[in-house]
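*Asks:* Sequence:
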Amino acid sequence: MNFGRTPEEIENERKRLLIHAFSGLGSIFLFVFGSLSILDGRPFLGSVLFGCFGAVIVLSIVARKINNVQPVSLFLALLLFLLSSFLLLRGGASGTGVYWSYSVSMLMVLVVGPKTGGIYMGLYIIINSIFIFGNFSFTYQYSGLESSRIIATSITLYVLILASEWIRIGSYSAISRTSESHRNMASTDSLTGLLNRHGVKEALEAKKILQPAVLILLDIDNFKKINDSYGHDFGDSVLVKLSEIIMSHTKGGDIIARWGGEEYLLILFDTELDPSKVLVSKIKNDFKNYPFEWEGASISVTFSGGISTLNSNSSFTQSITLADKKLYSAKDSGRDRIVAYL
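By full-length UniProt numbering, the letter at position 260 of the sequence shown is numbered 260, and the numbering carries on one by one without gaps.
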């Protein structure tokens, strides 16, 4: 079962699982006790339990068909609110309804979470306190001491449940943040902040290519010589600056990655080959004209590139190979140029 990544997704699936669990187990109890109530000469109680049985089955079916189960959980909590109040106020079978009301009202809070559950809980305590302490003919006649104990026990139970729920929600958030941090570390390059190879794979899996895209491979010229001559810190600054220039010229929906070492991968969507060549030429000129400073001297750095088209997710390897061949053609032709696969 996929419980999602974010706390919201996890909570939604938890509620779905809770709805299904209650529909399975709760419906059995409702059906059995509804039948027993009718056989024991309590048709009104039996009818209420059978009505809840039918409603639970319907809610379970609806929860299977929709993505966001919050409306279903709210309706189920309202149903449990009414059922628990009925058992408490009417007494059930010989005053035993109050014992069942504890478990039913507890589920009422669990099914909607601590925020909404707190509202339901407050209303439950206030409304039922009015009825059990008042002199109403339709309510089960508890003694004053019994009424006080019922309310005190309910409040204690709800406080414990709410505390547990807040701790659980906090744990979800902490685990989700840690998981997301690890996921980002696994899919991004620590130096430039761009995607790495694993990140590109994930991005392509999440983005279905419906129209041909443009795939570009860039490689900084003589990068080993740059590192040997000026040091690795200087080389890192070159990599970071090229990343910044590329990002300033591309759209948010494009895939930009440090493909390895001094090599960069660009996948441009919603464009064609000629506009992409113009875009890469602008990036190349901005990068070439950027004055890298080293011991008072201004150093110019260039890159070469190869361009191909990407027609579908399945043709990614082929497109990379074609762009790589054109990249080597650019290197062999003297560097500081872009060659496209036509």
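Treat each hint with caution, since some may be false.
[What the hints assert, rightly or not] In silico BS3-like cross-links for lysine-lysine, where the CA-CA straight-line distance does not exceed 30 Å:
1) K284 / K225
2) K284 / K224
3) K288 / K325
4) K331 / K277
5) K225 / K65
6) K282 / K224
7) K241 / K277
8) K251 / K282
9) K208 / K65
10) K325 / K282
11) K201 / K282
12) K284 / K331
13) K325 / K277
14) K207 / K225
15) K208 / K288
16) K208 / K251
17) K207 / K282
18) K207 / K224
19) K201 / K241
20) K331 / K241
21) K277 / K288
22) K225 / K282
23) K284 / K208
Think of the hints as simulated: they come from the structure by calculation, not from any bench.
*Asks:* Does each hint hold? Answer for all of them.
*Replies:* So, going through the hints one by one against the coordinates:
1. As the CA atoms of K284 and K225 are separated by approximately 19 Å, the hinted pair is consistent with the 30 Å bound.
2. Proximity of K284 to K224 is assessed by CA-CA distance (about 19 Å); at most 30 Å being required, the pair is judged to hold.
3. Proximity of K288 to K325 is assessed by CA-CA distance (about 23 Å); at most 30 Å being required, the pair is judged to hold.
4. Simply put, K331 and K277 have alpha-carbon atoms about 17 Å apart, close enough for the 30 Å limit, and the pair holds.
5. With a C-alpha separation of about 61 Å, the suggested pairing of K225 with K65 is violated against the 30 Å cut-off.
6. For the given pair, K282 sits about 24 Å from K224 by alpha-carbon distance, which is consistent with the 30 Å threshold.
7. In summary, the hint linking K241 to K277 is supported, as the alpha carbons are separated by about 20 Å, within the 30 Å threshold.
8. Distance hint between K251 and K282 is fulfilled; the C-alpha atoms sit about 14 Å from each other, no more than 30 Å.
9. For the hint linking K208 to K65, the alpha-carbon distance of about 25 Å falls within 30 Å, and the restraint holds.
10. Of the pairs offered as hints, the one joining K325 and K282 holds, with about 22 Å between alpha carbons and a cut-off of 30 Å not exceeded.
11. Taking the CA atoms of K201 and K282, the gap is about 27 Å. The hint holds against a cut of 30 Å.
12. Proximity of K284 to K331 is assessed by CA-CA distance (about 14 Å); at most 30 Å being required, the pair is judged to hold.
13. As the CA atoms of K325 and K277 are separated by approximately 17 Å, the hinted pair is consistent with the 30 Å bound.
14. Among the hinted pairs, K207 with K225 is inconsistent with the structure: their alpha-carbon atoms are about 38 Å apart, more than 30 Å.
15. The suggested pairing of K208 with K288 is violated, with an alpha-carbon distance near 34 Å, which exceeds 30 Å.
16. At most 30 Å may separate the alpha-carbon atoms for a hinted pair to count; K208 and K251 meet this at roughly 17 Å.
17. Using a Cα cut-off of 30 Å, the hinted pair K207 and K282 holds, with the two alpha carbons roughly 27 Å apart.
18. A C-alpha spacing of about 35 Å is found between K207 and K224, which places the hinted pair above 30 Å, so the restraint is violated.
19. For the proposed pair K201 and K241, the alpha carbon gap of about 24 Å is at most 30 Å, so the pair holds.
20. Only pairs whose Cα atoms come within 30 Å are accepted, and K331 paired with K241 is accepted, the gap being roughly 21 Å.
21. About 16 Å separates the Cα atoms of K277 and K288, which keeps this hinted pair within 30 Å; it holds.
22. Distance restraint check for K225 and K282: the Cα-Cα separation of roughly 25 Å lies within the 30 Å cut-off, and the hinted pair is therefore satisfied.
23. Restraint check for K284 and K208: satisfied, since their Cα atoms lie roughly 29 Å apart, inside the 30 Å limit.
Against the hints set out earlier in the document, violations occur for numbers 5, 14, 15 and 18.
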